[in-house]
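Chains A and B are the protein sequences, given in the same order.
Residue 625 is where the first sequence starts when you use the numbering used here, and the numbers rise one by one after that.
Residue 625 is where the second sequence starts when you use the numbering used here, and the numbers rise one by one after that.
Careful, some of the hints might be misleading.
Copies of the same chain look alike in the list, so a pair counts if it works inside one copy or between any two.
What the hints assert, rightly or not - 16 Å max Cα-Cα, derived EDC-like pairs, lysine to aspartate or glutamate:
{"id": "1", "residue 1": "K627", "residue 2": "E705"}
{"id": "2", "residue 1": "K627", "residue 2": "E642"}
{"id": "3", "residue 1": "K627", "residue 2": "D700"}
{"id": "4", "residue 1": "K644", "residue 2": "E823"}
{"id": "5", "residue 1": "K798", "residue 2": "E766"}
{"id": "6", "residue 1": "K794", "residue 2": "E705"}
{"id": "7", "residue 1": "K692", "residue 2": "E705"}
{"id": "8", "residue 1": "K846", "residue 2": "D723"}
{"id": "9", "residue 1": "K715", "residue 2": "E664"}
{"id": "10", "residue 1": "K794", "residue 2": "E766"}
{"id": "11", "residue 1": "K644", "residue 2": "D671"}
{"id": "12", "residue 1": "K725", "residue 2": "E634"}
{"id": "13", "residue 1": "K715", "residue 2": "E823"}
{"id": "14", "residue 1": "K627", "residue 2": "D671"}
{"id": "15", "residue 1": "K846", "residue 2": "E807"}
{"id": "16", "residue 1": "K715", "residue 2": "E665"}
Hint data in this document are derived by calculation from the structure and do not stem from the laboratory.
Each chain, written out:
2 protein chains.
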Amino acid sequence: MVKVLNSSQELIQVRNGEQKAIGFVPTMGNLHAGHISLLEEALKHNDVVYFSIFVNPKQFGPNEDFNKYPRTLQVDINLIEQCLNSYTNKKVIIFAPIDAKEIFPTNTNQLVSVAGLSTMLEGALRPGHFDGVATVVLRLFELVRPQTAYFGLKDYQQFLVIQQMVVDLKLPIKIIGMPIIRESNGLALSSRNQYLSAEEREVSLILSRTLSKIGQIIDHKKSNVEKAQSEITHVLKDSRWNYLEIRDAGTLSSDLTHSTKITLLAVFQLGTTRLLDNMQLEIQ
Amino acid sequence: MVKVLNSSQELIQVRNGEQKAIGFVPTMGNLHAGHISLLEEALKHNDVVYFSIFVNPKQFGPNEDFNKYPRTLQVDINLIEQCLNSYTNKKVIIFAPIDAKEIFPTNTNQLVSVAGLSTMLEGALRPGHFDGVATVVLRLFELVRPQTAYFGLKDYQQFLVIQQMVVDLKLPIKIIGMPIIRESNGLALSSRNQYLSAEEREVSLILSRTLSKIGQIIDHKKSNVEKAQSEITHVLKDSRWNYLEIRDAGTLSSDLTHSTKITLLAVFQLGTTRLLDNMQLEIQ
Numbered sequence: 625m626v627k628v629l630n631s632s633q634e635l636i637q638v639r640n641g642e643q644k645a646i647g648f649v650p651t652m653g654n655l656h657a658g659h660i661s662l663l664e665e666a667l668k669h670n671d672v673v674y675f676s677i678f679v680n681p682k683q684f685g686p687n688e689d690f691n692k693y694p695r696t697l698q699v700d701i702n703l704i705e706q707c708l709n710s711y712t713n714k715k716v717i718i719f720a721p722i723d724a725k726e727i728f729p730t731n732t733n734q735l736v737s738v739a740g741l742s743t744m745l746e747g748a749l750r751p752g753h754f755d756g757v758a759t760v761v762l763r764l765f766e767l768v769r770p771q772t773a774y775f776g777l778k779d780y781q782q783f784l785v786i787q788q789m790v791v792d793l794k795l796p797i798k799i800i801g802m803p804i805i806r807e808s809n810g811l812a813l814s815s816r817n818q819y820l821s822a823e824e825r826e827v828s829l830i831l832s833r834t835l836s837k838i839g840q841i842i843d844h845k846k847s848n849v850e851k852a853q854s855e856i857t858h859v860l861k862d863s864r865w866n867y868l869e870i871r872d873a874g875t876l877s878s879d880l881t882h883s884t885k886i887t888l889l890a891v892f893q894l895g896t897t898r899l900l901d902n903m904q905l906e907i908q
Numbered sequence: 625m626v627k628v629l630n631s632s633q634e635l636i637q638v639r640n641g642e643q644k645a646i647g648f649v650p651t652m653g654n655l656h657a658g659h660i661s662l663l664e665e666a667l668k669h670n671d672v673v674y675f676s677i678f679v680n681p682k683q684f685g686p687n688e689d690f691n692k693y694p695r696t697l698q699v700d701i702n703l704i705e706q707c708l709n710s711y712t713n714k715k716v717i718i719f720a721p722i723d724a725k726e727i728f729p730t731n732t733n734q735l736v737s738v739a740g741l742s743t744m745l746e747g748a749l750r751p752g753h754f755d756g757v758a759t760v761v762l763r764l765f766e767l768v769r770p771q772t773a774y775f776g777l778k779d780y781q782q783f784l785v786i787q788q789m790v791v792d793l794k795l796p797i798k799i800i801g802m803p804i805i806r807e808s809n810g811l812a813l814s815s816r817n818q819y820l821s822a823e824e825r826e827v828s829l830i831l832s833r834t835l836s837k838i839g840q841i842i843d844h845k846k847s848n849v850e851k852a853q854s855e856i857t858h859v860l861k862d863s864r865w866n867y868l869e870i871r872d873a874g875t876l877s878s879d880l881t882h883s884t885k886i887t888l889l890a891v892f893q894l895g896t897t898r899l900l901d902n903m904q905l906e907i908q
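Chain A extracted, bound-state conformation (with noise of 0.2 Å):
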C-alpha cells in the first residue's frame, strides 16, 4: 500500500499509529488500589502498558524513611498479574530494577528542578524531594517513551510537578491524574498507613473529614472562601497538621483573585508519619 501526503500534520498523525499505544505507571511499589486503579486506566486506554516499581532513593531526605520503606514486590507482581485477567490482548511490563545503577548509571548528582512548584507546600517542608521525583520521572520516561503516563492526585502538587517538567521540556506524553482513591472511613490510601497503629489509624480521620468540612464551607463559591480561612486558623491550632491550605489548583498561588478552581492541601503527621491528603473544587 502506497499512501502519499503532502502535510506534516498527516503525515505526524500518521507515523503515530505506527506505534502501539504505550502507558505508563510509575510506582514505588507496595501496591494498593489507587495503584491498581492506574493500571486499570492504562489497561483501557494502550495496547501495553509500563509498570514500574522502583524506589528512588532521590526523592527521599537524609532523614526520611527510605530504608523503612515497604518492598513487596512478589505481592506486587501477583496483584498485577490479577488484574490483567479481566483484560485480555492486553500486555503489562513490570520494570523493578533491584540496583539504582539502572536509572541512575552514573550517580551524578544533576538534577530537573522545576522551578516555583518545586520548593512550596511540600517542597518547602521536604526540600529537594520535588527534585528527585522530577529527575526520577524523567529518567524513567526517556527509557520507557510512553505516549501517556498516569499518577494518582493522592500526590496533587507532585502531579502539577511532572505536568510543568511536561511543558517545560516540551516531552511528547500525556500526563492524566486519576482521583484519590479513599478506604470507605474516608481515608486516603497511602503506602505510609500502614506505619499507623490502630489508635492512630483512627485519629488520621480528622485529616479528610476537614477537608470535606472546608470543602462545604466553600460550597463553590469564592465568597466562602474567607469564612473557609477562618475555619482553618481554627484547625491549625491543632499541631499536628503541617500545612492545611487553599490554593489555586492550577499554580497553588495562594492569590485566588483569578482562581475558578482551588485546591484544599493538606499534611497531618502523626508520630512521624505525615499524611497527605487534597481535594479540588470549582468557584465562581
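Following the hints, position chain B against chain A.
Quick look at chain B alone, frame taken from chain A:
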C-alpha cells in the same frame, strides 16, 4: 501477559520491540534506479518505509539549479508503486510536501552545521550546501522518527556529514549507505545526468573511467598512492575537473598515514553540469 524486567538494557530492547520497524529514504524525487535500490533495501528490512520527495531549497546556492531541478512526482509515485508490488504486506508512506513551509514553518535561518566535513571539497565549492542538507535531513528525521535511514553513496561526503550529525546529536537512527548504481557504461546515475547533451554524455565517461584507473594504480596498496597522485596531477591538467582527490574514507583527511580505507572523490564538470563520483578502497 506480565513480563518482569530488572535491567534498563532489557527494558530498552523490549520497548524497541513495541514499534514497527520504520525505514526512511529521503530524496529530492526524479527517481532513478539508485533511489529504487534504497527503497528496496528499506522494504527488505522494515515494516513501513517512509519515502520523502522534497526539493530542499536550503541546499541550493543562489546561482544553482533549484528552479530547474526536475520535478516528476506522478512518475515517481508510479515507480514506487511498481517496486512495492514485489513486497506484499509492506507499506510505503510517500511524504511529498508541496509547500516548503511544511518542512520549515518559520523559514528560520537556523542551520545544522557539521563542522569540518561540511566545508571541504564539495562544501568548499558549494558554501552552505551541507548545512542545507543536514538541516533538512534533521527536520525530516524529527518528523519521520525512523529507526533506519538509507542514503546513496553517490553523495559520499553527504553520507559522512549525515553520519556525523547523527553521532553529534546522539540521534537513535542507524544510517545505511548503499552502493552507487551505474549505467552499463559506468556513468553513476544522477538526476542531473539528464542535463547532459548526447555528446556530453559520451565525454562524461571520463569520470568513472578515471576513477577506475586510479583505483587500479593503487591496487589496495598504500605504497602505490604516490604513483596515483602523479597520475592525478596529470589528469587534472584537464580543467573540466573541479577536483579529484584521494582522502581517508572516514575523515576525508588528505593525511593517509593511518588510513586503512580511502576514498577517491571527484567532480567533473560539463557546461554547467557538475557530475559527482567516488570510489572506496581498502588499502594496506
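Name the hints, by number, that the structure is in violation of. 4, 6, 7, 8, 13, 15
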